[in-house]
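Colleague: Whole structure, please, built from the sequences with the hints as guidance.
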Amino acid sequence: MRLGKIIGTVVSDTKAKAYESKKILIVQPLDADQKAVGTSFLAIDAVQAGVGDIVLTIEEGNSARQVIEDEDALTVKTVIAAIVDDISK
Amino acid sequence: MKFGKIIGRVVSTQKVESFEGLKLVLVQPLNEELKKVGTALVAVDTLSSDIGQIIYYETSKEASRIIEREMNPCDAAIMGIIDDINITESK
Chain A
307 MRLGKIIGTV VSDTKAKAYE SKKILIVQPL DADQKAVGTS FLAIDAVQAG VGDIVLTIEE
367 GNSARQVIED EDALTVKTVI AAIVDDISK
Chain B
2 MKFGKIIGRV VSTQKVESFE GLKLVLVQPL NEELKKVGTA LVAVDTLSSD IGQIIYYETS
62 KEASRIIERE MNPCDAAIMG IIDDINITES K
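Residue numbers (our numbering), protein chains in the order written: chain A, 307 to 395; chain B, 2 to 92.
Heads up, none of these hints are tricks.
Which stretches of chain B does chain A cover? Using the computed rule of at least three CB atoms under 8 angstroms from a CB of chain A, they are:
1) 2-16
2) 26-38
3) 59-66
4) 80-92
Below 30 angstroms or equal to it, Euclidean Cα-Cα: the simulated DSS-like pairs (lysine-lysine) are:
5) A:Lys341 x B:Lys92
6) A:Lys321 x B:Lys62
7) B:Lys37 x A:Lys323
8) B:Lys6 x A:Lys321
9) B:Lys6 x A:Lys328
10) A:Lys328 x B:Lys37
11) A:Lys341 x B:Lys6
12) A:Lys321 x B:Lys36
13) A:Lys323 x B:Lys62
14) B:Lys36 x A:Lys341
15) A:Lys329 x B:Lys24
16) A:Lys329 x B:Lys37
17) B:Lys37 x A:Lys321
18) A:Lys329 x B:Lys6
19) B:Lys92 x A:Lys328
20) B:Lys92 x A:Lys321
21) B:Lys92 x A:Lys395
22) B:Lys16 x A:Lys323
23) B:Lys16 x A:Lys321
24) B:Lys37 x A:Lys341
25) B:Lys92 x A:Lys329
These are computed hints drawn from the structure, not numbers from a lab. Remember, predicted model here, so these are calculated numbers, not experimental data. Just so you know, even glycine gets a beta-carbon here, dropped at the ideal spot from N, CA and C.
Modeller: Pasting the structure below:
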């Protein structure tokens, strides 16, 4: 799992069946100090996350299907599984 | 999923049987500012996207499952065509 920050949203009309009626957010990966690292990616939101939230993302298909509670979403791999309240080190 | 732009089509006559009838496109990965990131890749397109369109794609086993057959060798597929991107938070 990776830490990320929601920086925006995308609008997509034409999409694969498994992605229909799912909210897709833009996630900027963060390092342990919550600084931006690497390239942003897109994830399906399962926890009503909003722009500006620090979140936990999963990039593994089986887990993703469990998180969005859709066993038939065979082409889904990347999801937002939690909103992070605090990170202590 | 990752941002990408359709920059070309790939045509192949001699190919494995499971690729028959599939459209292959050349995708340039992008970041959220639509700047190029890394090297172009080839992906299966089932959404009839056009050259120049901004899309998102997925990789690995999940991509192959876009092909609804028992045998579906493929490691990248277009999952959606992007109409609009709204960035409202700084990194």
